[in-house]
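Trainee: Residues per chain are reported as follows:
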Amino acid sequence: MEPVHLLIAIIIVAFAASPLPLLLQRCGRGYAALAAALVMAACLTVLAPLVAPVMGGTTLLASFAWLPDWGLALSFRLDGLSLMFSLLILGIGLLVTLYAYYYLPKHDTLGRFYTLLLLFMAAMLGVVLSENLLLLVVFWEITSLSSFLLISYKRESHESRLAARIAFAVTGGGGLALFAGVLLLGHIAGSFELTQVLAAGEHIRNHDLYAPMLILVLLGAFTKSAQFPFHFWLPQAMAAPTPVSAYLHSATMVKAGVFLLARLHPALAGSELWFWVVSGTGAITLVYAAYIAFYRYDFKGLLAYSTISHLGLITLLFGLDTRLSAVAGVFHIINHAIFKASLFMAAGIVDHECGTRDMRRVNGLFKFMPVTATLAIVAAGSMAGVPLLNGFLSKEMFFAETVGHPVFDEMRWLLPAFATLAGILAVGYSARFIHDVFFNGEPIDLPRQPHEPPRWMRAPVEVLVVLCLLVGIFPQWSIAPILHVAASAVLQQELPAFHLAVWHGFNAPFLMSLVALGGGITLYALRHPLYAFYERLPSVHASIVFERFHNGLAGFSAALVNRLDNASLQRYLALFFTFVLALGGWAWFSAPASPLPVVTQPADAASIVALLMLALAAAGVVVLHRQRLAAIVFASVIGLIVALTFVRFSAPDLALTQLAVEVVSIVLLLLALHYLPPASPAEDSMQRIMRDAALASAAGVGLGAAAYAMLTSPFETISNFYLAQSVPGGGGSNAVNVILVDFRGFDTLGEITVLAMVGLAAHALLDKLILQAPTHDADGRLWARERHPLFLQMLMRPLLPLALMVSVFIFLRGHNLPGGGFVAGLVTGVALILQYLASGIGFAAARLPQRLPLFLAAGLAAAAGIGALSWLFGFPFLTTAHGHITLPLIGEIELASALVFDLGVYLVVVSVVLMVLAELGKLSLYHEEKT
Amino acid sequence: MNLVIEFVVASLILLGAAFALLGSVGLARLPDFFTRLHGPTKATTLGVGAMVLASAVYFTATQQGFSLHEIAVMVFLFITAPVSAHLLAKAALHRSAPECSEEIDDAGK
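Chains as they are written, first to last, in my numbering: chain R, 70 to 1000; chain H, 303 to 411.
The following block holds chain R by itself, in its conformation from the complex (with noise of 0.2 Å):
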């Protein structure tokens, strides 16, 4: 296989593999802890035969388009950096599956645990492995996501559940400004793949979007990476089981901030605002961690704040932008993955053994577990940066660079001094876990007694403490050649000379060493008076802060949906009116003044009079719109009227479907209006009715200033357009039909989708209600005993057929003459309503299909069949095919694939039509079964 098709393997298997260990659990816990393991080694194994290439100073590049107009593609690149944290990956998650199988409890069946770790294995690979900057920020949020699951693995504790929504809301928020800043930084750079961006730096860095891509892109880097202040969700993440700190809180995740730093370094690195947000961050949070975690009486709160420390001196290395203090950077995200990754398993091993985390009670474990204790006390070493250990040489790294930085020429003191001030506290916490945890006394009231773990429960810890021996004294050797690459790859560029030695002679960062060691052994002799001063310090607690700002976040967004959504429709519809009346009075007067109105059509008697017809009834509906039924009589006016308007202007098929609407809504609202009292209660105030009264009228003449401004202004429409395509480009002469199904078909498409939600929310709303019919009238008489005429029930029997036949004919000729599937359907409703009028509910539910949301799911396949059938011909959606047939009787009718079109929308039109009438019709069968 090409090398970079290993490359998309690598992810394929991570993911598609993920699932392994929840099938395997039924099976027993080992297998699923053998699958975890068995993904990872085959990730190495496919990874090995790329490690060659990378080493000699290639990258592998590999690219399949995924949605190139947005520039997103499936293209990975491996070189040092990515093959340096890909082996930081799988090596430490192979370990870790290791502890884990022993670590969590036994009733636990780990399919689910490991499962997740896979998950975040496989997005980290991810992470890591992108070329292109957006399928990086899918993969960072996957990681955001898999580690969210992974802290709240004890599901059932509430401190579990809101420490991962603490990390999740701050990773995921700054996920987010990440994504901002990467589209951003995509904009200027002109591409998303990482080859064009890195190239690009110097344009990058004078583009005036610079600033506002760096901040956002660096709030993701510093929200993952636990930066100050966005630190406070680390500490609290320790609530998730130790093998998930190690992997994800101290190896692999957290370091995903730094990746970013690191791997965008080229591009983004080289100003003077790079320099002083990411080094002003990294060198606040590499000091305010570290005083904290000297604090901490939880050791595993002491390595979550020394975690975030040493992140913050990564960070602070990056941020020195010197090119020798990117490859310490790089130095020590290895240096610290491997010591703290071991430190934290060997706590999770004490934790594990005595039942608790808190160092005033754990004391003296040396002589209960003597091995563990030497392992951890080599760690801690390495933490403290004592020298033979590979924290020794990256801290040495990084006292050298901060002594005589170029920056800091007036006070060159500032920066070592600083530096030492770190070393000083990060000794003092690495003393106070060797010394509170291994020694001082005897253990206090512990819950367990305390015994050496079992054997491949320690093996981990101690291939990691080799490791940290073997890079301590052997450097050039063993970490040297992937520290080169990596550096490179960060860099792009030659090296500067460097050398990797224990003893560099006796100068200034040796110095400082001695101090910070000599200073953190007598920070730690003083510590019962520091602690006593903490004590009395305010202490603030980043949960309950959250958990407040949390709170009031949704309380204050409840509020204020209350007040704006109190389930009253009058406000709805008057906050509706002032917003559409405050939008058209500042359009109407911030338009340039408009060329005077032209009155294209001069008034007649015959619309004068229908107009004023019109005014009427709609006014007898205001006066009497508490005599429903009276009401509805005067909206049936309203709606004749303006059929004949649309008669008057020559527009036959709105008239015709205006008619239909009509029938089936006033038959649809006396049935339902059954059920309401036949007048209503007169409730609201004058005031109300002033206001609304205002607002109705205002809304009224900026309706119709609106319509007058339109009628009257002179311009082109796309009417003509449509009138002379109709039948070259749609294959049918009645240009209206053929704009619903053809040239606006996808609108059509939208608009019976709508159509068949409302249907189907009628049924919803519906279904289950009884509502009690009246059973007299207004003046107290009983409805008449004969239910169903039998002279009704007979004579409209056979006007069914009818019905039917004119329906079918409406349909065929739509295309031609007015007609088209949604009047087809609507007279097909009224005649069904018809015969459910006629003779009852029981009658035509007997007779009508029950399913009836399947026949509209059916008009909607049609409909959008046909549409996607056009692909198949490689036309675009909705393209539509066409041609005519003559038949007897009937004449030519048009046979388009617009005509399957069309009967999609009448078969949505039916079923809606149908569904409210059976839903309604039920109610009544309801009340009918009951007397």
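Think of the hints as simulated: they come from the structure by calculation, not from any bench.
Predicted model, so just to flag it, every value in this text is computed and none were measured.
Ideal placement from N, C-alpha and C gives every residue a C-beta, glycine not left out.
Treat the hints loosely; a few may be bogus.
As the list claims (entries may be wrong) - Just some of the chain H residues that point at chain R, by a computed CB distance under 10 Å:
#: 1; residue: His371
#: 2; residue: Phe378
#: 3; residue: Thr382
#: 4; residue: Pro384
#: 5; residue: Leu389
#: 6; residue: His396
#: 7; residue: Arg397
As the list claims (entries may be wrong) - Pairwise CB distance ranges, derived in the manner of DEER restraints:
#: 8; chain 1: H; residue 1: Leu370; chain 2: R; residue 2: Leu633; range: 57 to 65 Å
#: 9; chain 1: H; residue 1: Ala394; chain 2: R; residue 2: Ser637; range: 39 to 47 Å
#: 10; chain 1: R; residue 1: Val649; chain 2: H; residue 2: His340; range: 33 to 41 Å
#: 11; chain 1: H; residue 1: Ile315; chain 2: R; residue 2: Leu941; range: 53 to 61 Å
#: 12; chain 1: R; residue 1: Pro666; chain 2: H; residue 2: Pro333; range: 52 to 60 Å
#: 13; chain 1: R; residue 1: Tyr744; chain 2: H; residue 2: Ala394; range: 23 to 31 Å
#: 14; chain 1: R; residue 1: Arg695; chain 2: H; residue 2: Ile315; range: 40 to 48 Å
#: 15; chain 1: R; residue 1: Leu873; chain 2: H; residue 2: Arg331; range: 35 to 43 Å
#: 16; chain 1: H; residue 1: Arg331; chain 2: R; residue 2: Leu650; range: 48 to 56 Å
#: 17; chain 1: R; residue 1: Ser754; chain 2: H; residue 2: Ala394; range: 38 to 46 Å
What the hints assert, rightly or not - Which residues of chain R face chain H? A partial, calculated answer using Cβ under 10 Å:
#: 18; residue: Glu855
#: 19; residue: Phe860
#: 20; residue: Val875
#: 21; residue: Val877
Chain R is already provided as a structure; the job is to place chain H on it using the hints.
Mentor: Just chain H now, kept in the frame of chain R:
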């Protein structure tokens, strides 16, 4: 169009118009609900029916083939008009609409 057809169409239209007029006068002048009901029913069945028939004759004569739409319209009218009149009468009976008590003699006094 020959003279015979012209004559037929004209007389059908006049007949329809006469029935419509008579129906309207009846609706306006007759004394109570039940008698008034007769007016519009005649106007819709016979009046509109004659007009529609005139249309059918006219278009059959002037265009190719039979004009069948009008026949359908007539069938609908002849089914629905009596039914609606019947239902109106039943509703009035149910509500016990006031009946005109005095006898109306045919001379129209």
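Trainee: Look at each hint and say if it fits the structure.
Mentor: Hints, one by one, checked against the model:
no., hint, verdict
1, His371, "holds (9 Å)"
2, Phe378, "holds (7 Å)"
3, Thr382, "holds (8 Å)"
4, Pro384, "holds (8 Å)"
5, Leu389, "holds (6 Å)"
6, His396, "holds (5 Å)"
7, Arg397, "holds (7 Å)"
8, H:Leu370 to R:Leu633: 57 to 65 Å, "holds (58 Å)"
9, H:Ala394 to R:Ser637: 39 to 47 Å, "holds (41 Å)"
10, R:Val649 to H:His340: 33 to 41 Å, "violated (51 Å)"
11, H:Ile315 to R:Leu941: 53 to 61 Å, "holds (56 Å)"
12, R:Pro666 to H:Pro333: 52 to 60 Å, "holds (53 Å)"
13, R:Tyr744 to H:Ala394: 23 to 31 Å, "holds (25 Å)"
14, R:Arg695 to H:Ile315: 40 to 48 Å, "holds (45 Å)"
15, R:Leu873 to H:Arg331: 35 to 43 Å, "holds (41 Å)"
16, H:Arg331 to R:Leu650: 48 to 56 Å, "holds (51 Å)"
17, R:Ser754 to H:Ala394: 38 to 46 Å, "holds (40 Å)"
18, Glu855, "holds (8 Å)"
19, Phe860, "holds (5 Å)"
20, Val875, "holds (7 Å)"
21, Val877, "violated (12 Å)"
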